[in-house]
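K.L.:
My request is simple: use the sequences and hints to build the entire structure.
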Amino acid sequence: MLALFYIFIGIAIGVSFWQITRIMNLRGVIATDEDNAKQGKYSLVFMAFLYAMMIYCLIFMNVLMLPESASIEGEHDDNLFNITFWLIGIVQFTMQFIIFYFTFKYKGNKERKAKFYADSHKLELIWTITPAIVLAFLIGYGLWQWNDVMDLSEDKDAIVIEVYSQQFRWDARYAGEDNTLGFGNVNYIKGINTFGVDMSDQNSQDDKQVTELYLPKGRKIHFKFRSQDVLHSAYMPHFRAQMNCVPGMVTEFGFTPKYTTEEMRLNPEVIDKTNGINKIRQAKGEEPYEFDYLLLCNKICGASHYNMQMKITVVEQENMTNGLQNNQHWLPL
Amino acid sequence: MSDHHHKETFVTKYIFSQDHKMISKQFLVTGMFMGIIGVFMSMLFRMQIAWPEKSFSIFEAFLGPHQTDGIMNPDIYLALVTIHGTIMVFFVLTAGLSGTFSNLLIPLQIGARDMASGFLNMISYWLFFVSSVIMVISLFVEAGPASAGWTIYPPLSALPQAIPGSGAGMTLWLVSMAIFIASSLIGSLNYIVTVLNLRTKGMKMTRLPLTMWAFFVTAIIGVVSFPVLLSAALLLIFDRSFGTSFYLSDIFISGEVLHYQGGSPVLFEHLFWFLGHPEVYIVLLPALGITSKSSLHIQENLFLDIER
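Protein chains in written order, with the numbering used here: chain D, 8 to 340; chain S, 937 to 1244.
You can trust all of the hints, since none of them are fake.
The list that follows gives simulated cross-link-like pairs (lysine to aspartate or glutamate, EDC-like), each with its CA atoms no further than 20 Å apart: (1) D:K48 <-> D:E118; (2) D:K318 <-> D:E270; (3) S:K961 <-> S:D1050; (4) D:K231 <-> D:D162; (5) D:K265 <-> D:D162; (6) S:K990 <-> D:E293; (7) S:K1229 <-> D:D126; (8) S:K1140 <-> D:D126; (9) D:K45 <-> D:E118; (10) D:K231 <-> D:D164; (11) D:K291 <-> D:D279; (12) S:K1229 <-> D:E131; (13) D:K224 <-> D:E325; (14) D:K215 <-> D:D185; (15) D:K197 <-> S:E1192; (16) D:K227 <-> D:D162; (17) D:K291 <-> S:E989; (18) S:K957 <-> S:E944; (19) D:K227 <-> D:E75; (20) D:K286 <-> S:E989; (21) D:K122 <-> D:D40.
Non-contacting residues of chain D with respect to chain S, defined by C-beta distances greater than 10 Å in every case (computed): (22) V36; (23) M68; (24) F104; (25) K129; (26) G147; (27) D158; (28) I166; (29) H229; (30) E269; (31) R288; (32) E297.
These aren't lab readings, by the way, just hints derived from the structure by calculation.
Virtual Cβ for every residue (Gly too), placed ideally from N, Cα, C.
P.N.:
The following block contains the structure:
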């Protein structure tokens, strides 16, 4: 595989040099009809190659896409993505055909003179207004979706969880029975108080700090994000959720988990992916992979940015127990 | 611009030339050279991420202290990504494209003898050259070049204790970009003035080829947005060197709370992307303008009906 890569690079460099030197020779020569005929054929060949690549990628790279959204709000993200891709796909396949086929059909030759086409108001209007309407629809849908996840003022039933980021780890703080987080600021960091929670605040008394997130299925979670040092970003791909963690401010995001981890592990797409990964791991003699939801860091934050992850487990609501116990799952009634 | 009474030496003809064709060649060569460096960097980090466990002797040859036994260190990966992005977006696609084609084609397609100011044109190229040199020099700093991504968000880019590349490497990056922005602004002003003032008799704005409109609008977008990047860079220099808090607030790092209060990284994001979004149009429009003229089967004049 690596050898193939080196060979490809070698060919690419060689061809570039050859083409550059050819340009110097071509300065005094104008294309003949023969040249145009050849180039016309190459256009068709390239179009066939392009179509083959597009179709191959659309079909065989599907396995790399995320499985279906694990959050209710995330379904709209997937909707938007699919609609956009269909629209773009149709335009792409049409336009590439038009470009390459007409380049072939109207290739230059001695008899033919280029048509002087002044302009067409009607055409210009059509291809300005149609994209404008389509874009307006896509953007409108996107704006509505943004409000759906960002405007959390209406949700009285949401559970508040703080996600705290630093170089290079994630922690979380549950708000406890009062569902209100105690005030946090880096100036309170001292000794065992690694999150900088103001212990004199009444609301912090029942807060619980954890290193792994447990989320209840079917309840809206109101996340509050903080950062201790530099910009991080809480990226939860399966839930279609991402929000920057900015030092000096608290950012928010909300979603409702739809599938427990156990349910997701039985999802056919996830089973396919797991099998694919485990085939590779078995060949290398490594531990087998089991699906888990993940929280990843998505803004460059330093050397170990690539490794900054937190495991998320979604469980049925009745499996999250109440009261201050040793276990990590904890949820207000 | 050569005048037959004026004897040209090697230096005035090839080095400090004020002829738009020579300057466009200078932009082209420098842009291509920087492009080769940028492409090479992308090869290195792509090899690393494609085969993470494999040891490459090419890393040993080129990365020096930033690798162990042919395996890349994590922070040089980020540095390569950062400098690759910076070189490609600014040095190759902005200066390399606009500098080459605007300089070459504007006087030819509007019917002028040369750009409005050959002297400023020359200054624009040499500032670009100096900023390229400084950017390449930043690669050889001991702690590594700037590593916070081509978008260099603070606090990561403001605090040397957050990542090694945010020390001297970041300072050199900022100096290089400040000089680059000056070069870009001078060049853009030159293009705008030339298109507005030096069109030949009968060349109304509506008779201009689409390529000229593309370069003209690109230059206008440039003069509107690049100064905002310069302000972002300037405030970052202040935060890094003079203890100000434009972008920084409530930071606990390396075991201590820093003194910064009241700023926000979001301010930098806004200032940066005020350039960042128009930048991609600065990159795109010249290419669209050039290809609009390359269609063999149809000749079109966009504004013909206004003429009638």
